[in-house]
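Undergrad: Position 748 of the first sequence, counting from 1, maps to 861 under the numbering used here, and the rest follow consecutively.
I should point out that these hints are in silico values taken from the structure, not numbers from a laboratory. All C-beta atoms in this analysis are idealised placements derived from N, C-alpha and C, irrespective of residue type, glycine included. Possibly wrong hints are sitting among the right ones.
[Said to hold, decoys possible] The calculated DSBU-like cross-link candidates involving lysine-lysine, where the alpha carbons are at most 35 angstroms apart (straight line), are:
{"#": "1", "residue 1": "Lys223", "residue 2": "Lys670"}
{"#": "2", "residue 1": "Lys126", "residue 2": "Lys183"}
{"#": "3", "residue 1": "Lys133", "residue 2": "Lys277"}
{"#": "4", "residue 1": "Lys223", "residue 2": "Lys719"}
{"#": "5", "residue 1": "Lys223", "residue 2": "Lys737"}
[As the list claims (entries may be wrong)] Now the in silico label distances, taken between C-beta atoms and shown as ranges:
{"#": "6", "residue 1": "Trp235", "residue 2": "Gly261", "range": "33 to 41 angstroms"}
{"#": "7", "residue 1": "Trp235", "residue 2": "Lys699", "range": "36 to 44 angstroms"}
{"#": "8", "residue 1": "Lys557", "residue 2": "Ile205", "range": "35 to 43 angstroms"}
{"#": "9", "residue 1": "Ala905", "residue 2": "Arg853", "range": "36 to 44 angstroms"}
{"#": "10", "residue 1": "Asn336", "residue 2": "Ser236", "range": "34 to 42 angstroms"}
{"#": "11", "residue 1": "Glu445", "residue 2": "Lys557", "range": "28 to 36 angstroms"}
{"#": "12", "residue 1": "Glu895", "residue 2": "Val936", "range": "34 to 42 angstroms"}
{"#": "13", "residue 1": "Arg300", "residue 2": "Lys699", "range": "34 to 42 angstroms"}
{"#": "14", "residue 1": "Arg315", "residue 2": "Trp235", "range": "33 to 41 angstroms"}
{"#": "15", "residue 1": "Arg433", "residue 2": "Arg300", "range": "51 to 59 angstroms"}
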Amino acid sequence: MAERYDHAAIDAKWQSRWEKDRAAFVDTGQPGDKLYMLNMFPYPSGSRLHVGHGRNYILGDALYRFERMKGRRVLNPMGWDAFGLPAENAAIASGTPPREYTLGNIARMKEQLRSLGLLYDWSKELASCDPEYYRWNQWLFLRMWERGLAYRRQAPVNWCPGCKTVLANEQVVDGRCERSGDPVELRDLTQWFLRITDYADRLLAGLDELPHWSERVKTMQRNWIGRSRGAEIEFDVDGFDRVTVFTTRPDTLFGATFLALAPEHPVAQAIARRAGPDSEAARFVERVRRASRLERESETAEKEGLDTGVRAVHPGTGERLPVWLANFVLPEYGTGAIMGVPAHDERDFEFARKYRLPVRPVYRSAEGDVDPETMTAPTPHGGVLVRSGDWDGTPEGEPAIARAIAWVEDKGVGRGKVGYRLRDWLISRQRYWGTPIPAIHCEKDGVVPVPDRDLPVLLPQDVAFRGAEGNPLAQSESFVNVECPVCGGPARRETDTMDTFVDSSWYYLRFLAPHDDREMVDSPRARAWMPVDQYIGGIEHAILHLLYARFICRVLKDMGLVALEEPFERLFNQGMITRLNPSTGKIEKMSKSRGNTVSPDELIAKFGADTVRVYTLFIGPPEKESEWSEEGVLGASRFLNRVHELASRVADRPTGSVPSGREPSDLDRRTHRTIRRVTEDAERFHFHTAVAALMEFQRAIGEALDAGQESPESVREAVATLVKLLHPVAPHLTEEWWERLGGKTSLLEASWPVYEPSLATSPRVTLVVQVNGRVRGRLDLERGAEEAEAVALARADEKIRPWVEGKQIARAVYVPDRLLNLVVQ
RNA sequence: GCCGGAGUGGCGAAAUUUUGGUAGACGCACGGGACUUAAAAUCCCGAGGGCCGAAGGGCCCGUGCCGGUUCGAGUCCGGCCUCCGGCACCA
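Please build the complete structure, drawing on both the sequences and the hints.
TA: Below, the structure written as structure tokens:
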């Protein structure tokens, strides 16, 4: 009578044993063969983990255990991305201070991770809200300030009215705050920025050095950085400063019929000022600037402009061009000013038609000239330059652009220039629960850095959370009132805190020595352990976190703290888990707000941690989105019960090792074919097919056992192999049976089974026989048989004979051990 | 519009890399059976579509569409279609 699979007892036993033995501990001070694995550290939010979150941790743990068994020295740490707005919002709602709220969540999440049997080196645990951690954010900020990489300036910035703080450009999605969904407003504020644009080229070039990142993520980053080659061209303006425009098509310079300025452009401002506060120009500037990003950048937005009456001088013709203000010119891209070439640009054409501005084509195609009066769209590409002075006759494309750049440079009216879509990283946040920016405002000395000896600048405790606009930090007298470190006079502390993406941009380095109070990064350890060999996390961080981390890693390299530019060698983005939402009837991403989550806690209680793990990995290819199904969980549970039963049947049989030199039996061959399949699948994260192979293997062992043909040694060996191969997926059950089958150490210390080709192959093989490319039968014959023999056997085979009888074999294609294709007339 | 990815049973999918070589492994759902007083649980069997045969069995079609290369194409090449993701008034 087989015993019941008591998953609760087995789970508890092994979880506490791993913990007691510190099974995942690694001394990062010891050199040697290393593998650094990392899951993106979680944000400890109030809602408990659901099975959708679990996917990336379970995948990471399976890989971790697989690599351990292969004998690698693997670092697999875990920490907490603990600063952020939800903790502060909870404080406003419930009165619980953010720190208390966050620490409570961390404790609960840690217990959940443990209950899934996930192994981390908890001796490396860190939390970004800990002064021990965030003091180094401040230290890094000061170093970047010294290097001109951190700076403060007034600029139109994204303001989220819901979160009551400014946002980085990366946090604005379709004109809305990525967190709260509120439409973002543009406000002119003085804020702190990090100069990521200085690194645009290096960040772009580095993507080519990342063969183990998906094209998808690299494309997203390339699009975000948005490099475009072109030129800056200067136009003298009557009565005002010279205006520099950026264009990717300097070759169309002679087609320019107007200039257009963003309302934020200094010359636009100057024109409005001179025209007076009630002037049309001033009102236009005011109106456009008040519009939200959503309104201003929406596709349907009507192009609006105003002729200022001011005239600019065309550098090629001397012609006077009207200077317009236009809502479609973006203040932050290029120079905030453009030359309007209606004949060859969609937007300029639309604008010119609306305001009846001249259209002047400067390219003539093979079909001849176009009539600017009747054309309804910008001319298509192709053709040669016309009406462009010396440039006439140059074919469109690189030669024309190169010629134009050479010309403007020669004339001293412009230069070749590369433009980027990427903007500097706005890191100021008007919120409490983040790293205080270490700066002090003194009336006399201006904005001065906090001296290193005064770090960390601690978050004050005497703060009330009311949800009013303005940073709660500003209310703390003890925090705000300080001495100026330069003159000793009274001064005010900076109350902005840092974007939490600063925290996550270097935490992977801190895990190597999380409690080091002398240095931000232990450089020798970083040299030994970096890069992170395998990074696992959600696709939602394809731009934000991964771009910032790549940026900061380069800054640290330039500071000499690390030796590499790319922190993450291999990146894996797991797909989301979706589930039918009963209220909408749609299959949606699993999330608490949608109300379609499944809690792992109940499933673990009912089926055990291993069932949740097996199902989560079996659900589909891990990089793809997969739909959760309640019935699917039952399938995983059935499988583990069968494994348990099989192991029970074998455990009380007599022991014995596999005698060497024995002829491999069918089961032995099966065992080794399974080793190969599972190993190859695990290497590419395809645990869903590895589990499928193990399901087949379990069944095969059971059948062999029933048939009674196999030796007890073969059966025992097969079961022991099954247990080993299944360990990364179902660690608790397999540890239990490994021990009962006589294993002396944890399976983590046991070696991964080695595939022996000689044990996997049989002396006879099945040859597929095709006639004219169609499968007509199969032949069982000796491995490595000659072609002539195979053809003779095929001719004699009763199934194949009718297809070849009385026919000439024009050709035989023979792939030994696999296939014979006979081509007949 | 530009860039990237993907299209295979009722469903999730496998085979796609090494090397073009039996399409649909494994699982879910479904149908049938065994066990049971019964149910649940468990186990066994069946199954891409069509056609022929009493049956054993056999034939044809089939991997988004059209074409190509090849003895042989889900896989390679050319051209499309559709869906998903990113960027997009970025000059």
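Undergrad: Given the hinted pair lysine 223 and lysine 737, is their Cα-Cα distance within 35 angstroms?
TA: OK: lysine 223 and lysine 737 at ~27 angstroms, within 35 angstroms.
Undergrad: The hint says 34 to 42 angstroms between asparagine 336 and serine 236; measuring C-beta to C-beta, is that right?
TA: Holds, since asparagine 336 and serine 236 (Cβ atoms, about 40 angstroms apart) stay within the stated range.
Undergrad: Falls inside 28 to 36 angstroms, the C-beta gap from glutamate 445 to lysine 557?
TA: Hint holds: Cβ distance 33 angstroms, inside 28 to 36 angstroms.
Undergrad: Are the Cα atoms of lysine 223 and lysine 670 separated by 35 angstroms or less?
TA: holds (33 angstroms)
Undergrad: Checking one constraint from the list: CA of lysine 126 to CA of lysine 183, max 35 angstroms. Satisfied?
TA: holds (24 angstroms)
Undergrad: Using the C-beta atoms of glutamate 895 and valine 936, is the stated range 34 to 42 angstroms upheld?
TA: Given about 24 angstroms between the Cβ atoms, the range is violated.
Undergrad: Using the beta carbons of tryptophan 235 and glycine 261, state whether their distance is inside 33 to 41 angstroms or not.
TA: holds (39 angstroms)
Undergrad: Going straight from one Cα to the other, do lysine 133 and lysine 277 come out at no more than 35 angstroms?
TA: violated (46 angstroms)
Undergrad: Taking 51 to 59 angstroms as the hint, is the beta-carbon distance of arginine 433 and arginine 300 inside that range?
TA: violated (36 angstroms)
Undergrad: In this structure, is the beta-carbon distance linking arginine 300 and lysine 699 contained in 34 to 42 angstroms?
TA: The hinted range 34 to 42 angstroms holds for arginine 300 and lysine 699, with Cβ atoms some 37 angstroms apart.
Undergrad: Is it true that tryptophan 235 and lysine 699 lie within 36 to 44 angstroms of each other by Cβ?
TA: Check passed, 39 angstroms falls within 36 to 44 angstroms.
Undergrad: Is the Cα-Cα distance between lysine 223 and lysine 719 35 angstroms or less?
TA: holds (20 angstroms)
This entry does not satisfy hints 3, 9, 12, 15, going by the numbered hints stated previously.
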